[in-house]
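Engineer: Residues per chain are reported as follows:
There are 2 protein chains.
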Amino acid sequence: MKQLDVCLTPDLLHLHKLNNSIVVVADVFRATSCMVTGLAYGVKSITPVASVEECKFLQDKGFIAAAERDARKVEGFDLDNSPFSYMNERLIGSQIAMTTTNGTLSISKAKASAVKVMIGSFLNLGALANHLRSEPYDILVLCAGWKGRPNLEDTLFAGALADALKDEFMLLEDGTLMAQRLYDQSRDNLLASVSNSSHVRRLQRLGIQKDISYCLQRDLYDIVPVLRGSTLVAMH
Amino acid sequence: MKQLDVCLTPDLLHLHKLNNSIVVVADVFRATSCMVTGLAYGVKSITPVASVEECKFLQDKGFIAAAERDARKVEGFDLDNSPFSYMNERLIGSQIAMTTTNGTLSISKAKASAVKVMIGSFLNLGALANHLRSEPYDILVLCAGWKGRPNLEDTLFAGALADALKDEFMLLEDGTLMAQRLYDQSRDNLLASVSNSSHVRRLQRLGIQKDISYCLQRDLYDIVPVLRGSTLVAMH
Numbered sequence: 001m002k003q004l005d006v007c008l009t010p011d012l013l014h015l016h017k018l019n020n021s022i023v024v025v026a027d028v029f030r031a032t033s034c035m036v037t038g039l040a041y042g043v044k045s046i047t048p049v050a051s052v053e054e055c056k057f058l059q060d061k062g063f064i065a066a067a068e069r070d071a072r073k074v075e076g077f078d079l080d081n082s083p084f085s086y087m088n089e090r091l092i093g094s095q096i097a098m099t100t101t102n103g104t105l106s107i108s109k110a111k112a113s114a115v116k117v118m119i120g121s122f123l124n125l126g127a128l129a130n131h132l133r134s135e136p137y138d139i140l141v142l143c144a145g146w147k148g149r150p151n152l153e154d155t156l157f158a159g160a161l162a163d164a165l166k167d168e169f170m171l172l173e174d175g176t177l178m179a180q181r182l183y184d185q186s187r188d189n190l191l192a193s194v195s196n197s198s199h200v201r202r203l204q205r206l207g208i209q210k211d212i213s214y215c216l217q218r219d220l221y222d223i224v225p226v227l228r229g230s231t232l233v234a235m236h
Numbered sequence: 001m002k003q004l005d006v007c008l009t010p011d012l013l014h015l016h017k018l019n020n021s022i023v024v025v026a027d028v029f030r031a032t033s034c035m036v037t038g039l040a041y042g043v044k045s046i047t048p049v050a051s052v053e054e055c056k057f058l059q060d061k062g063f064i065a066a067a068e069r070d071a072r073k074v075e076g077f078d079l080d081n082s083p084f085s086y087m088n089e090r091l092i093g094s095q096i097a098m099t100t101t102n103g104t105l106s107i108s109k110a111k112a113s114a115v116k117v118m119i120g121s122f123l124n125l126g127a128l129a130n131h132l133r134s135e136p137y138d139i140l141v142l143c144a145g146w147k148g149r150p151n152l153e154d155t156l157f158a159g160a161l162a163d164a165l166k167d168e169f170m171l172l173e174d175g176t177l178m179a180q181r182l183y184d185q186s187r188d189n190l191l192a193s194v195s196n197s198s199h200v201r202r203l204q205r206l207g208i209q210k211d212i213s214y215c216l217q218r219d220l221y222d223i224v225p226v227l228r229g230s231t232l233v234a235m236h
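Listed in order, the protein sequences are those of chains A and B.
Counting from 1, one number per residue, gives the positions in the first sequence under the UniProt record's numbering.
Counting from 1, one number per residue, gives the positions in the second sequence under the UniProt record's numbering.
I should point out that these hints are in silico values taken from the structure, not numbers from a laboratory.
Keep in mind that a hint or two might mislead.
It does not matter which identical chain is used: a pair holds within one copy or between any two.
Keeping only pairs whose Cα atoms sit at most 25 Å apart, straight-line, the calculated BS3-like set for lysine-lysine is [what the hints assert, rightly or not]:
no.: 1; residue 1: K166; residue 2: K56
no.: 2; residue 1: K147; residue 2: K2
no.: 3; residue 1: K2; residue 2: K166
no.: 4; residue 1: K147; residue 2: K17
no.: 5; residue 1: K147; residue 2: K44
no.: 6; residue 1: K147; residue 2: K210
no.: 7; residue 1: K210; residue 2: K166
no.: 8; residue 1: K111; residue 2: K147
no.: 9; residue 1: K116; residue 2: K166
no.: 10; residue 1: K73; residue 2: K44
no.: 11; residue 1: K73; residue 2: K17
Between the sequences and the hints, there should be enough to build the whole structure, so can you do that?
Structural biologist: What follows is the structure in structure tokens.
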């Protein structure tokens, strides 16, 4: 039987063997929710890069560039890290380069050794679960966390995916069990559940409450972003 | 206001500043439960060491030596890692040297930069909480985990201590919030809560169910083990 495991932060990724695993990267607030939204709205591809410098390099080559650090847009780039910025006609068919504080770093770390890297968010939870059932590989859900520390929202997403796949995958590790229990406790009111988390407090100071509500909606889109080479594209 | 934070595994300790913090190390199954039990039963001191070689060195100098790896006693040492082995008349007044897979390594890592290192378990939860209220320092609860990964039982202990101290300390980080919620969910039946955790499955294979039940009892002893130099002694 295939196994599903959860890694609560990229700082613990060294403990996991990935040579038979698909890694699902989740940075619910807000990088992976932006990726899913953008690709669902017709963006052609998103190239995640770890550094602001790489993002600038791709901007100079013609990419539309999105750079976020500490939840704010970096000066000189085209897009911020709000999913609503990705619902834009001028982005249809475009190539985007993206760097964020936690999410794109996690993707960079995962792609070094995983069989495949896919992108998870509540917005595409059901489509992702359906696709993963058909794959022959184990799964590692990699929570992007916040600067190396676990965070609540990505852990809740990991628990939601584990819950959706619990009949087809073995859930052996305690990290998975804890994520699943936390999700189960709050599945009926995710917004209330995250309202006193550290990241939501950070985001609320920035006045982006509507991003938070949006990112906690399940199954808005039927796509699975997958990394091909160094670029994310949508599988429908 | 003082702050209480939780570190889910020693592999994340690099993310925490300890220069104003007491670190409470918890390895509920079973190292820190053994330490509390032994000191409560009259052991004079326990010297935690990170390696089997250091433990052997102290054994040769006259210490009673306890070495555990992968939940089993290492050949040639005097004591295993069961708390019941520490309820022994011949240990009264003795000096013990101890190395375990996870717990003593966590103590070694913590003592490099913490203000003080104390030992936590469900067995001394109330006494520990009472003592910490009187200290002027922040608290980091360091869960020993299992070979770098978070585990359920130590996380539940961290949640229990956070819950006991929530009126006197700020609980800001998501790791603390998650631990607290998991404890709150299972406080009325800890044994059922841990029954499908990875470590309990490992221990059950070794036939030590009674150790598990014992280690989950709250407030059996009124002592707080504290590290003085490189040796743990009981504060009453």
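Engineer: Each hint: holds or not?
Structural biologist: Hint-by-hint comparison with the structure:
{"no.": "1", "hint": "K166 x K56", "in the structure": "neither (42 Å within a copy, 45 Å between copies)"}
{"no.": "2", "hint": "K147 x K2", "in the structure": "between (30 Å within a copy, 23 Å between copies)"}
{"no.": "3", "hint": "K2 x K166", "in the structure": "within (10 Å within a copy, 40 Å between copies)"}
{"no.": "4", "hint": "K147 x K17", "in the structure": "both (22 Å within a copy, 14 Å between copies)"}
{"no.": "5", "hint": "K147 x K44", "in the structure": "neither (29 Å within a copy, 42 Å between copies)"}
{"no.": "6", "hint": "K147 x K210", "in the structure": "within (23 Å within a copy, 40 Å between copies)"}
{"no.": "7", "hint": "K210 x K166", "in the structure": "neither (31 Å within a copy, 30 Å between copies)"}
{"no.": "8", "hint": "K111 x K147", "in the structure": "both (19 Å within a copy, 24 Å between copies)"}
{"no.": "9", "hint": "K116 x K166", "in the structure": "within (21 Å within a copy, 42 Å between copies)"}
{"no.": "10", "hint": "K73 x K44", "in the structure": "within (22 Å within a copy, 58 Å between copies)"}
{"no.": "11", "hint": "K73 x K17", "in the structure": "neither (34 Å within a copy, 28 Å between copies)"}
Of the numbered hints given earlier, the model fails hints 1, 5, 7 and 11; all others are met.
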